[in-house]
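Novice: Sequences listed follow chains B and X, in order.
Using the UniProt record's numbering, count along the first sequence one by one with no gaps and you end on 476.
Using the UniProt record's numbering, count along the second sequence one by one with no gaps and you end on 197.
Honestly, the hints are just simulated from the structure, not real lab data.
Model, not experiment: these values are computed from the prediction.
Yeah, the Cβ is synthetic: ideal placement off N, Cα and C, and Gly gets one too.
Misleading hints may appear alongside valid ones.
What the hints assert, rightly or not - Ranges between beta-carbon positions, derived for each pair: (1) X:Ala-3 - B:Val-81: 30 to 38 Å; (2) B:Lys-88 - X:Thr-6: 38 to 46 Å; (3) X:Arg-47 - B:Ala-419: 16 to 24 Å; (4) X:Glu-143 - B:Ala-313: 23 to 31 Å; (5) X:Glu-125 - B:Ser-285: 51 to 59 Å; (6) X:Arg-56 - B:Pro-175: 46 to 54 Å; (7) X:Ala-45 - B:Tyr-310: 50 to 58 Å; (8) X:Ala-45 - B:Asp-269: 26 to 34 Å; (9) X:Glu-125 - B:Lys-46: 43 to 51 Å; (10) B:Ala-419 - X:Arg-15: 28 to 36 Å; (11) X:Gln-140 - B:Gly-327: 47 to 55 Å; (12) B:Gly-252 - X:Glu-39: 53 to 61 Å.
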Amino acid sequence: MGRTLAEKVWDDHVVRRAEGEPDLLFIDLHLLHEVTSPQAFDGLRKNGRPVRRLDLTIATEDHNTPTLDIDKPIADPVSRVQLETLRKNCAEFGVRLHQLGDVEQGVVHVVGPQLGLTQPGMTVVCGDSHTSTHGAFGGLAFGIGTSQVEHVLATQTLPMARPKTMAITVNGALPDGVTAKDLILAIIARIGTGGGQGYVLEYRGEAIEKLSMEARMTICNMSIEAGARAGMIAPDETTFAYLEGRPHAPKGEDWDAAVAYWKTLRSDDDAEFDAEVVIEAAELSPFVTWGTNPGQGAPLSAAVPDPASYEDASERLAAEKALEYMGLEAGQELRSINVDTVFVGSCTNGRIEDLRAVADIIKGRKVADGVRMLVVPGSARVGLQAVSEGLDVVFKEAGAEWRHAGCSMCLGMNPDQLAPGERSASTSNRNFEGRQGKGGRTHLVSPQVAAATAVLGHLASPADLADADARTPAGV
Amino acid sequence: MEAFTTHTGRAVPLRRSNVDTDQIIPAHWLKKVTRDGFEDGLFEAWRKDPEFVLNRPEREGATVLVAGPDFGTGSSREHAVWALQNYGFKAVISSRFADIFRGNSLKNGLLTVVLDQKIVDALWELTEADPTAGITVDLQAREVRAEGVTASFELDENSRWRLLNGLDDISITLQNEADIATYEAKRPSFKPRTLTA
């Protein structure tokens with residue numbers, strides 16, 4: 001019988017397999033950041049253990065880093081200590097680190113791919129649940145806890161139980177104006193926040209094959225929001241073209257050998273998945289969340305659902321609590337929801353294509369009165385690229401704030417936060433209670449919806465913007 | 001890791017589904033660089049409400065959390081497990097846990113027990129009606145016992161063995177160091193390295 005892509009990558013990394021034990025998997029790349037690593041380094045020190053493979057380990061600073069005044073000392077003393085702890089640990093153990101101010105600094109899941117360190121067929125781990133992002137290249141990439149971070153530092157392996165596999169096939173082409181973000185939000189709403197639990201998701205089908213690498217990363221990034229530890233997409237010419245020439249991509253004969261191997265990384269025609277989901281791309285439209293978990297979403301053209309419409313008692317209760325927290329009424333049109341803040345950025349939508357999409361829409365327009373818009377590049381390099389294309393000028397002229405790279409308002413560990421009761425349209429990945437700041441209310445959206453929302457002041461798509469333009473004389 | 005064999009304690013019934021790790025321990029607590037001192041951050045936002053179940057005087061000293069489905073979703077932060085343990089919880093019961101949270105809990109000796117939602121409902125009813133009711137989580141027998149409830153639970157034999165003996169994963173793996181070295185020797189040369197030789 002054939003094997004799935006996930007099974008092939010898994011099998012190629014088994015260091016040890018024994019009856020009654022989880023498989024011991026080799027880890028090709030270990031990404032570190034300041035939040036989930038200090039206790040792991042402490043563990044190494046306590047036991048007198050070195051980092052086994054410094055050449056497969058890399059660290060960056062992202063969660064705590066400020067996005068303003070990055071040349072000044074970090075104002076929050078606790079954040080400062082955490083960043084200094086990472087710097088001290090990396091120096092002591094010899095780990096390559098890209099710290100604040102370095103040209104390669106940025107959100108860990110943006111940095112890995114942009115350096116060409118993330119490649120097909122690899123196992124990639126990081127103490128961060130959005131490590132699933134790297135599966136876009138056709139590898140197995142999953143988030144781990146701090147105990148596992150320590151385990152990988154010490155052994156470059158992880159004992160893991162073999163996951164089940166789920167195929168998510170997206171047939172047809174995405175309609176105009178529908179993005180990877182809309183697709184993944186619709187998938188999560190369909191299978192639920194626990195739907196992918198215990199599975200590795202493989203996204204496939206025509207709509208997936210047509211996506212750029214950056215869009216594929218957006219899809220795989222949010223696999224964890226459906227409960228799946230990993231999501232992956234088979235590598236193809238799009239993948240190879242993205243990688244070729246990047247700093248850590250193979251060169252010369254190594255490149256040829258790598259591509260020959262990468263081309264074998266596809267689910268066999270007779271491979272069997274443990275579960276399958278089929279989505280028709282043509283049925284999709286811009287999608288936003290209304291609740292407090294990423295599965296509580298609906299098409300932008302819909303209304304806030306009535307909790308009473310849920311058959312399942314716990315879902316009904318969850319919807320009631322979500323509407324109360326979000327300050328929304330059942331039946332309210334999603335387009336009628338006004339926002340205070342628009343956040344563009346994060347490991348989900350903080351790459352150059354995302355910034356270009358936002359700039360395209362916002363160019364020559366103004367952010368609505370009373371709306372604050374933050375544009376935070378996913379990495380310092382993305383920021384430099386945006387500046388070289390003049391995107392920063394477009395954002396600033398529209399009235400948006402152009403910031404330095406980091407996780408920023410995705411989780412509000414740095415000063416970029418929502419105030420209590422404030423409402424955002426955010427291109428990030430989680431709308432949990434308080435995620436973007438205590439009492440803050442988050443609607444997850446695509447970069448395109450974020451841009452249109454910033455201009456109109458309420459949840460909107462670029463198509464709504466065109467309609468609004470048609471009603472307003474030109475030049476206003 | 002501390003060994004877990006059997007534990008009996010009073011319960012906190014938490015009638016919520018999809019309790020994500022941002023609720024268990026908000027991000028601003030993650031700036032700490034230790035594994036302890038997270039108890040005050042546990043469910044921080046909800047604890048501002050004096051009626052929240054954890055704030056009720058009759059729940060003081062409870063050690064078994066009985067939660068709704070999909071407990072521990074979202075962020076991989078192990079701090080969520082540490083916060084529950086720092087507060088005093090020894091076991092969490094739910095019909096469904098998020099994968100990363102479950103893995104983290106078992107590596108720290110916080111026993112996460114999966115039971116059918118009907119049993120969870122029965123435990124909620126029992127412990128809401130009688131806050132002094134004890135719940136026994138017996139890893140040796142793989143059984144949860146409370147008044148009127150006896151339910152067996154699944155846990156893979158390897159995880160159970162490690163928990164019962166309080167074994168450290170890294171030491172176990174390093175016993176197979178030769179296997180790792182053998183694997184490393186045959187890795188293809190095209191695989192990337194973060195450091196240039």
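Novice: Give a verdict on every hint.
Specialist: Comparing the hints with the structure gives:
Checked against the given bound of 30 to 38 Å, the beta carbons of X:Ala-3 and B:Val-81, roughly 33 Å apart, stay inside it. The supplied range of 38 to 46 Å is met by B:Lys-88 and X:Thr-6, whose beta-carbon atoms lie about 41 Å from each other. For X:Arg-47 and B:Ala-419, the Cβ-Cβ distance of about 20 Å falls inside the hinted range of 16 to 24 Å, so the restraint holds. The hinted window of 23 to 31 Å between X:Glu-143 and B:Ala-313 holds, with their beta carbons roughly 27 Å apart.
In this structure, X:Glu-125 and B:Ser-285 break the distance hint of 51 to 59 Å, their C-beta atoms being roughly 43 Å apart. Checked against the hint of 46 to 54 Å, the C-beta distance between X:Arg-56 and B:Pro-175 comes to roughly 52 Å, which is consistent with it. Our hint of 50 to 58 Å for X:Ala-45 and B:Tyr-310 is violated, since their Cβ atoms are close to 24 Å apart. For X:Ala-45 paired with B:Asp-269, a C-beta distance near 50 Å fails the hint of 26 to 34 Å.
The beta-carbon spacing between X:Glu-125 and B:Lys-46, approximately 44 Å, falls within the hinted interval of 43 to 51 Å. In this structure, B:Ala-419 and X:Arg-15 meet the distance hint of 28 to 36 Å, their C-beta atoms being roughly 29 Å apart. As the Cβ distance of X:Gln-140 to B:Gly-327 is approximately 49 Å, the hint placing it in 47 to 55 Å holds. Checking the proposed 53 to 61 Å range against B:Gly-252 and X:Glu-39 shows it holds: the Cβ atoms sit about 56 Å from each other.
The structure shown violates the earlier hints numbered 5, 7 and 8.
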